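> Could you put together the complete structure from these sequences and hints?
Number of protein chains: 2
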Amino acid sequence: MISIIAKCQVKPETVNELKKLALDLVAVSRKEEGNISYNFYAEISDSSRFTFIEEWKDQEAIDIHMKTAHFQDFGAKAGPLFAGPLDIALYNKLS
Amino acid sequence: MISIIAKCQVKPETVNELKKLALDLVAVSRKEEGNISYNFYAEISDSSRFTFIEEWKDQEAIDIHMKTAHFQDFGAKAGPLFAGPLDIALYNKLS
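Listed in order, the protein sequences are those of chains A and B.
First residue of the first sequence: 1, per the UniProt record's numbering; consecutive thereafter.
First residue of the second sequence: 1, per the UniProt record's numbering; consecutive thereafter.
Worth double-checking, as some hints may not be accurate.
Said to hold, decoys possible - Derived list of chain A stretches under chain B, where covered just means 3 residues or more per stretch with a C-beta under 8 Å from a C-beta of chain B:
#	stretch
1	14–20
2	87–95
Said to hold, decoys possible - Simulated pairs of lysine-lysine, DSS-like, Cα-Cα distance not exceeding 25 Å:
#	chain 1	residue 1	chain 2	residue 2
3	A	19	B	93
4	B	7	A	7
5	B	20	B	93
6	B	57	A	7
FYI, nobody ran anything at the bench for these hints, they're computed from the structure.
Nothing here was measured: the structure is a model prediction, and the numbers come from that model.
Virtual Cβ for every residue (Gly too), placed ideally from N, Cα, C.
Take a look at the structure:
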């Protein structure tokens with residue numbers, strides 16, 4: 001299993017649009033064969049900051065995900081909303 | 001429910017010590033009445049970076065956690081191992 005934390009910040013006026021795009025992405029991504037979990041969070045102290053926490057069976061599942069129409073569609077539509085680069089890291093669970 | 005992501009970086013020579021302290025903290029913290037989940041991760045691309053992902057019933061549960069002997073003991077022992085300040089954020093789950 002590989003876990004991903006992807007943090008992003010959006011322009012304040014685009015928060016609602018990002019939320020909709022993100023929740024649509026979550027719903028479809030959860031149906032992918034290699035997905036274990038896929039969740040979306042709003043940072044409490046900053047309403048323009050959000051985080052995805054995802055769990056995938058392996059790197060192949062992640063590679064497949066990144067080639068899906070829904071992921072690429074999200075990237076195309078959400079890209080202009082971001083206020084800067086995403087902070088993405090992959091993890092092995094130790095506990 | 002409140003989720004917490006706490007990212008840290010340790011001095012390379014202290015990685016094993018941090019892992020032990022962190023896994024001990026996870027085991028005890030999971031038994032707290034207000035805890036929903038508590039997990040510890042190693043960043044794949046950097047062996048000195050780690051992340052906790054925690055879920056708590058509410059802010060009161062977090063406040064209680066931070067006053068526990070096991071949390072304060074972790075802070076005292078792990079503090080000197082960190083290579084810089086932790087990156088901690090609290091979240092509401094939207095998905």
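> Measure nothing beyond the straight line between the CA atoms of residue 7 of chain B and residue 7 of chain A; if it is 25 Å or shorter, mark the hint as holding.
The given pair, whose Cα atoms are some 12 Å apart, holds under the 25 Å limit.
> Between residue 19 of chain A and residue 93 of chain B, does the CA-CA distance stay at or below 25 Å?
Holds, at roughly 12 Å.
> According to a criterion of three or more residues whose C-beta lies within less than 8 Å of a C-beta of chain B, is the stretch 87–95 of chain A covered?
holds (count 7)
> Would the hint linking residue 57 of chain B and residue 7 of chain A be met if the CA-CA limit is 25 Å?
Satisfied, since the Cα-Cα distance of roughly 23 Å is no more than 25 Å.
> Given the hinted pair residue 20 of chain B and residue 93 of chain B, is their alpha-carbon gap at most 25 Å?
violated, 29 Å
> Establish whether the coverage given for the stretch 14–20 of chain A by chain B is satisfied; the threshold is a Cβ-Cβ distance below 8 Å, and no fewer than three residues must meet it.
violated (count 1)
Of the numbered hints stated above, those contradicted by the structure are hints 1 and 5, listed in ascending order.
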